[in-house]
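Participant: Residues per chain, in single letters:
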Amino acid sequence: MSWHFVERWLQKVNQHSTLIGKFWITFLIVFRIVVVSSVGDRVYSDEQSEFKCNSMQVGCPNLCFNKFSPISHIRFWSFQIIMVTTPSIVFMVYSAHQLYSSKRKMRKRKEKSNFGFYKLVEMFGEEKAAFSQHYVLYTSSVLMRTLVEILFIVLQYRLFGFRVSELYKCTGDPCPNIVDCFVSRPMEKTIFLWFMFVIAVICLALNVGEMYYLLWQFGVRRSRLERKRKRYRRSTISEVRGANLADAEILDGGVFPVPGAPP
Amino acid sequence: MSWHFLERWVEKANQHSTLVGKFWITFLIVCRMVIVASVGDRVYNDEQSEFKCNTLQPGCTNVCFNRFSPISHLRFWSFQILFVATPSVMFVVYSAHKSKLKKTSSKKARISNDEDDDKTFAQHFRWYLANVFVRLCIEVGFLVLQVLLFGFHVPELYKCERRPCPNTVDCFISRPMEKTIFLWFMFLYSCICVALNLVEFVYLVYAYIKKQAQK
Numbered sequence: 001m002s003w004h005f006v007e008r009w010l011q012k013v014n015q016h017s018t019l020i021g022k023f024w025i026t027f028l029i030v031f032r033i034v035v036v037s038s039v040g041d042r043v044y045s046d047e048q049s050e051f052k053c054n055s056m057q058v059g060c061p062n063l064c065f066n067k068f069s070p071i072s073h074i075r076f077w078s079f080q081i082i083m084v085t086t087p088s089i090v091f092m093v094y095s096a097h098q099l100y101s102s103k104r105k106m107r108k109r110k111e112k113s114n115f116g117f118y119k120l121v122e123m124f125g126e127e128k129a130a131f132s133q134h135y136v137l138y139t140s141s142v143l144m145r146t147l148v149e150i151l152f153i154v155l156q157y158r159l160f161g162f163r164v165s166e167l168y169k170c171t172g173d174p175c176p177n178i179v180d181c182f183v184s185r186p187m188e189k190t191i192f193l194w195f196m197f198v199i200a201v202i203c204l205a206l207n208v209g210e211m212y213y214l215l216w217q218f219g220v221r222r223s224r225l226e227r228k229r230k231r232y233r234r235s236t237i238s239e240v241r242g243a244n245l246a247d248a249e250i251l252d253g254g255v256f257p258v259p260g261a262p263p
Numbered sequence: 001m002s003w004h005f006l007e008r009w010v011e012k013a014n015q016h017s018t019l020v021g022k023f024w025i026t027f028l029i030v031c032r033m034v035i036v037a038s039v040g041d042r043v044y045n046d047e048q049s050e051f052k053c054n055t056l057q058p059g060c061t062n063v064c065f066n067r068f069s070p071i072s073h074l075r076f077w078s079f080q081i082l083f084v085a086t087p088s089v090m091f092v093v094y095s096a097h098k099s100k101l102k103k104t105s106s107k108k109a110r111i112s113n114d115e116d117d118d119k120t121f122a123q124h125f126r127w128y129l130a131n132v133f134v135r136l137c138i139e140v141g142f143l144v145l146q147v148l149l150f151g152f153h154v155p156e157l158y159k160c161e162r163r164p165c166p167n168t169v170d171c172f173i174s175r176p177m178e179k180t181i182f183l184w185f186m187f188l189y190s191c192i193c194v195a196l197n198l199v200e201f202v203y204l205v206y207a208y209i210k211k212q213a214q215k
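Quick mapping for you: the protein sequence lines, in order, are chains A and B.
For what it's worth, UniProt numbering labels the leading residue of the first sequence as 1, then goes sequentially.
For what it's worth, UniProt numbering labels the leading residue of the second sequence as 1, then goes sequentially.
Read the hints as simulated data drawn from the structure, not as lab findings.
Among these hints, one or two may not hold up.
To be verified - Pairwise CB distance ranges, derived in the manner of DEER restraints:
id	chain 1	residue 1	chain 2	residue 2	range
1	B	41	A	223	24 to 32 Å
2	B	191	A	172	52 to 60 Å
3	B	4	A	169	40 to 48 Å
4	A	159	B	79	28 to 36 Å
5	A	226	B	208	23 to 31 Å
Unchecked claim - A short, non-exhaustive set of chain A residues, derived as facing chain B with CB atoms under 8 Å:
id	residue
6	3
7	29
8	31
9	35
10	38
11	43
12	86
13	167
14	171
15	184
16	186
From the three backbone atoms N, C-alpha and C, an ideal C-beta is built for every residue, glycine too.
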């Protein structure tokens, strides 16, 4: 199975995440990717071959299986993992690109044409000078992730419910009248349904927690910034505008994910 | 599956790409390679064994399956990934070669020439633009081909009239709804990739024109 592609990218995302974000990634990898790629494979590998219908009519089991299971649980969870990780991976790609191109620009610049920017960098460090933009994008990625999680939880409930029945009564051409079809491993699949539902809810809670934490930190930093801004207005470094300082200050503290910072 | 060979080359292409190009590579690897290499494998591995025709005539099922599915969706998407990644891989090879040559010649010359740097950058830029253009054409080509070959729906029933089948035979496809979902999913991702390539191409052309105008 080739989920290692996603795993490697997620490990890069790990470097750009808050602590709660790192817990979310851990839950995702350990409980969801491992279950979908390894554990669940054996449970669902015979779902069609062991789906037996009480009819000799050719094509009837195919039709009934298609009606009973328009999409397999495993495929649904695979799509869920891919969609849920996409916002974070997109943010990581953007973040890495910004860091790479800003480092390149710093190396190539022969004259310090933007005195304010360089003063900012001297005072707060290269990474923090670009942080405010990063913060907004990171928060957006967490918000997108949360919405996708909610969507898939609702979709799972609507498509599959909480129980896989042992018997499915099937009607439709070419099956004659009503045909009884028997599902393979219904109890095991019910346990999987519950397990993945609970993990999805936990991941959603982590995302909501992270959103709340980011917004709360934003509020705390804003008030701290106001105090510092008043101090800096009296400062001799008058070239650096208060607005520029504000952006960098919001990120002070190293609590937030800093682009390129070690994990 | 040995997709990691291609994945490594495509990741090298990541270093030579614009931001939009990097997003394209992400979508290629995360969504398409994972779907084709892992997720789709279970859906399509029983496509022939579970393709049941309502006849006992030997050979009829084989002939009908061959007629219904000249190429499996999964194989089509595998070829799509290979063809679409090829221009980027070619560019990486060219770029690495040029970079090596430049290092060797600058060591010998011991001076860096600004004019030479500009010329190299211009050449690099033209080849990168060509790479994006070829990629865009290939993406559009495969998108159109997917629509023409497979459409947007996999039916449950296929009526087959080929020798040695007697008259018209009903054949039933395995997991048609799941395959329809996959068709739509891959179609949408191809559209996103076409859009990303188009945006990148337009952005590069605009940047080039702007730079020429400044000169």
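Participant: For each hint, tell me whether it holds in the structure or not.
Facilitator: Status of the hints after comparison with the structure:
1. B:41 - A:223: 24 to 32 Å: 54 Å, violated
2. B:191 - A:172: 52 to 60 Å: Taking Cβ atoms as reference, residue 191 of chain B and residue 172 of chain A lie about 33 Å apart, which means the hint is violated.
3. B:4 - A:169: 40 to 48 Å: 46 Å, holds
4. A:159 - B:79: 28 to 36 Å: Once the Cβ atoms are compared, 32 Å apart, the range 28 to 36 Å for residue 79 of chain B and residue 159 of chain A holds.
5. A:226 - B:208: 23 to 31 Å: 45 Å, violated
6. 3: 6 Å, holds
7. 29: At about 14 Å, which exceeds the 8 Å cut-off, the nearest Cβ of chain B leaves the hint on residue 29 of chain A violated.
8. 31: 18 Å, violated
9. 35: Given a least distance of 14 Å, the restraint on residue 35 of chain A is violated.
10. 38: 11 Å, violated
11. 43: 12 Å, violated
12. 86: 7 Å, holds
13. 167: 21 Å, violated
14. 171: 14 Å, violated
15. 184: 13 Å, violated
16. 186: For residue 186 of chain A, the interface hint is violated, since the closest Cβ of chain B sits about 19 Å away, which is over 8 Å.
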